[in-house]
Amino acid sequence: MPRSSTATTRSAADTAATGRARESSALIELRGVSRVYRLDGLAVAALSGVDLEVRAGEFVVVLGPSGSGKTTLLNLVGGLDAASEGEISVAGRSVTGASRGALAEFRRHTTCFIFQTFNLFPGLTALENVEFGAEAAGRKGAGSIARQRLEEVGLADRVDHFPHQLSGGEQQRVAIARALATGNPVLLADEPTGELDFRTGVSILDLLRGQATAGRAVLVVTHNREIARAADRVVELSSGRVVADGAPAGGRAPVTDLHW
Amino acid sequence: MKRLFFWLRWSGRDLRDRLLLVIAIAATIAIGTGAYASLDSLSAWRKDSNDKSLELLRAHDVRLYLADGSFATPEELGALLDEIPHRDAVVASGYRLVAPTRVDATDSRRTIVVPGRLVGMAAGDPAVDTLLVMSGRGFEAGDAGQAVAELEYHFAAHYDLPIPTAVSVGDGTRLEAVGSAFSSDYFMVISPNGDVMAEANFAVVFVPLETAGQIAGHPGLVNELVVRLFDPALAATVRDELQGAAAAHLPDLGATAVASSEEDARRWVERDAESDQTLFSVFAVLMLAGATFAAFNLTTRIVESQRRQVGIGLALGLPARTLAIRPLAVAAEIALFGVVLGIFVGFLSGAALREVMLRLLPMPIFETPLRPEVFVRAALIGFLLPFAASVYPVWRAVRARPVDAIRTGHLTARRPGLAGLARRLPLPSTLRHPLSNVLRTPRRTLLTAMGIAAAVTALIGTLGMLDSFAQGIDSGEAEMIGGSPNRIAVDLAAPLPAEQVRDELAQVPGSGRIDVGLRVPASARSEGSGGESIDLQIDVLDLRDNAWQATLAEGRLPAGPGEVLLSRAAAEDLHLRPGDRFVLRHPVRTSETAVSLVETEVILAGTHPSPLRPLAYMNVDGASLFGMDGLANRATVVPAEGADAEALRRTLFGLPGVVSVQPISTFVASMRGMVAELAEVLAVVAVIALLLAVLVAYNSATISQDERTREVATMLAFGLPTRRVMASAMIESGLIGLVGTALGIAGGFAMVVWLVYCQLPTSMPEFGLQPVVGVSTLITAAALGIAAVALAPLLTWRRLTRLDLPATLRVVE
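As given, the protein sequences belong to chains A and B, one line each in that order. Each residue of the first sequence is one higher than the one before, counting from 1 in this note's numbering. Each residue of the second sequence is one higher than the one before, counting from 1 in this note's numbering.
Just so you know, the hints here were simulated from the structure itself, not pulled from any lab data. Keep in mind that this is a model prediction, so the values were computed, not measured. Keep in mind that a hint or two might mislead.
[Claimed, not checked] Partial selection, computed: residues in chain B whose CB lies under 10 Å from chain A:
1) L81
2) I84
3) P85
4) H86
5) F230
6) L431
7) H433
8) G719
9) P806
For every residue, glycine included, the Cβ atom is placed at its ideal position computed from N, Cα and C.
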């Protein structure tokens, strides 16, 4: 699998976007955030009193077992869900109590998602899927942006392939390219290597790491402790609460040193 | 058994989770089965109601009538009953005095003078052929010999005559009409000329027997014997015995016995009910086919959506036949629900059709019960087809490899289908994406489109028939009026010298232009008709100098005695083009009282556009063909300018030898009346087709949204506004609707052509139409098949805004 050259290939627009992001102290801020689900009269606290900051250029892994609230955290930051309590601010924009339309606009211009199950559009080619991301964010020249992103992720020769014609790793790389095509400063990844084998997963992590180097705030949710070793910071959740927040034990490891 | 209940309970939850969609699919099936059950029952309802009505009125089973001018005493006719072997089969008998007459019901508003029939009957409550009084009162015993009358119901209703009212019959005998009533002989009013639904031009007046004798100048005499039998199946036998007895004991009276089933009115009702049923059954099948096809497609997709769960079950080691229970149960429950709802739809549509029938063909009893055998037939189809729809996808699901079935991508298309085509088109992504979705699953797109097409076909089929009728009626009206809408048609009892007729009519105050001619019955056949002949009514007149102007569809006006102008429909039936020869079988007057039938080869000069198949014309020199040179039995009179047309009509009717005086507008109204029944039933069918199409559109949109939930959630996760996502769904739905509508219009037009050329000649042989699909019909189909289908996703707006994005986007945490 060819290594990407994400760290060195960036568009001017992306540089400007992330450059603006670096200027602020924290790109993602959570203060006293809780999320309670009410199901048939039962109250389930998925998150309780979470405080968190992520700066531009940081690669933060949110770690925890199943049911710890890590995906709920991601959904709140990404504007897919609304907090029950607390304040959430991303790239200087408060999403607390925002209307549906405001949240949609927020997602268009501030965050980009990468899903465990890729969620590519099966009826669109790789190029068209990535173009979709650029167009959704309102960027001009979606076609050329899409080609650049696919080249960055090493799929320049697969632009006309449909998702079912791509391997799992290739599909996830298309999903990453689609997210990057938005040019948004915050990248959110939910178990991005969950469906992939080890070697493919490593290459995906390498791409994501590269985005942090390029100045984006990258928040990765995983239960895989090995992946956390590649992070700048690891935020550990348990039963909806932050139980640890700091550099990985033994310091940050290169992606190539990981093994699971 | 416990495990079976478990799967059935689970399938019940599946239904509950998609309750709205289940109801919509079930409603689709319900419309199909209910509409089928009612439309396919029309003939049976009419016949059964007819039989019950006849029973209510104690209708006769056998009638013995004497030749014109012959009379007998009641005792003489009654004595015949003692001479027949099956005298014990007779439960009741009665006597009548029947005579042709003229009926004048003129009031302050209008002139109503029509030929008619005077029927003298027992006053009180006769044991045979009683009257069912609809307004006013019936005869009482004290009315015997009094100047009171009952008006036949259809005549009174047509002219909306007040009861009581004054009428005069014959040469001016005044009667007080104390009521209007149904009579078993006149559920369908047929004039002596054979015109059906002739209540505008033929009035029947019932009077006490003694009164009839005084009016007719034959007091104490009768000319009809009517009997009821305890077993109507003996009617033919008793008819023959009575005929024999009359020939033996009253040989000079020219008696004829007929069984009731041979009476014109009753035969017409039976034949009309059966022939109309052929047409209605076509629509019944179409409704059912459209509904079950749509349900078939939708049920397939619901079952398909469970494939992953079936795969998970396989992975857990459950046997395939166990896993098949749940999706099969879902399909069966939806189908069963639909069939049960169909009972209510059947009642509702039956009630709607009943209202139509009562208005157009009133009779004392008209019942529309749900006929179990018809409903069961519809229910079986309505149940089996959607259920069968589940079998194939369930089979596919249980045959899939578990590892493939449980992958989330397994539900998506394995191939991109025709999505590559969309890439080649220079379209913005807002259009390319929905077009791609439509093209990547061509089989599913086509199936969905065909569901819409079925509903559009049904709609175009019904509205197109209405368009064809409307155009036919308009053509017929234009041809009948022929540029002279005020003409009054005068029919004579017998042919008279044409100049004499002209002179006598010209002397009537208020007469303007007068044109005389002949009306002759004939029949035509050709080599191309395969021996089949069609009846004609030939008008012989001066085609080039007449108040009425013939309208040509093809060819030219007849120029010589051997040339004929036929209706376009008749020419098509005979496979004739202008210039072709055909055989005319027609009467030839050999003396004043004798007529013989001959065959003559004639030429088709041209065709006219009237839809009335029998109408034909020859130029005045054609009278020689019939041995009637210089004679006329018919004339048209145009009122002079400023003349009182009503007074003119009254005066014309008073002339000796005149049997009918009718404005041309009356004939136009009769023509419209002939198609009214069919047209109104079709209107009910059109409403049902409309409902069906809307349901299909809603179901398709809902299921499409279900199938694309993850894609929709991804779009929303990328921040696309909800309205853009909805717009994409609407475009996709509209594209499918476009395909479906195009198919439906093609199918609908083919259906109209088939109905007009293949079915209508059986249902309405006297009518010949051209297949027409009007612009408004096409617009309606487009509005429904494209616009309504495109707008249908809006009904899922609430679901879209409440979509749980986190849950939809990922595997469970």
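Checked hints:
{"no.": "1", "hint": "L81", "result": "violated, 85 Å"}
{"no.": "2", "hint": "I84", "result": "violated, 85 Å"}
{"no.": "3", "hint": "P85", "result": "violated, 86 Å"}
{"no.": "4", "hint": "H86", "result": "violated, 81 Å"}
{"no.": "5", "hint": "F230", "result": "violated, 73 Å"}
{"no.": "6", "hint": "L431", "result": "violated, 13 Å"}
{"no.": "7", "hint": "H433", "result": "holds, 7 Å"}
{"no.": "8", "hint": "G719", "result": "holds, 3 Å"}
{"no.": "9", "hint": "P806", "result": "holds, 5 Å"}
Hints 1, 2, 3, 4, 5 and 6 from the earlier list are contradicted by this structure; the remaining hints agree with it.
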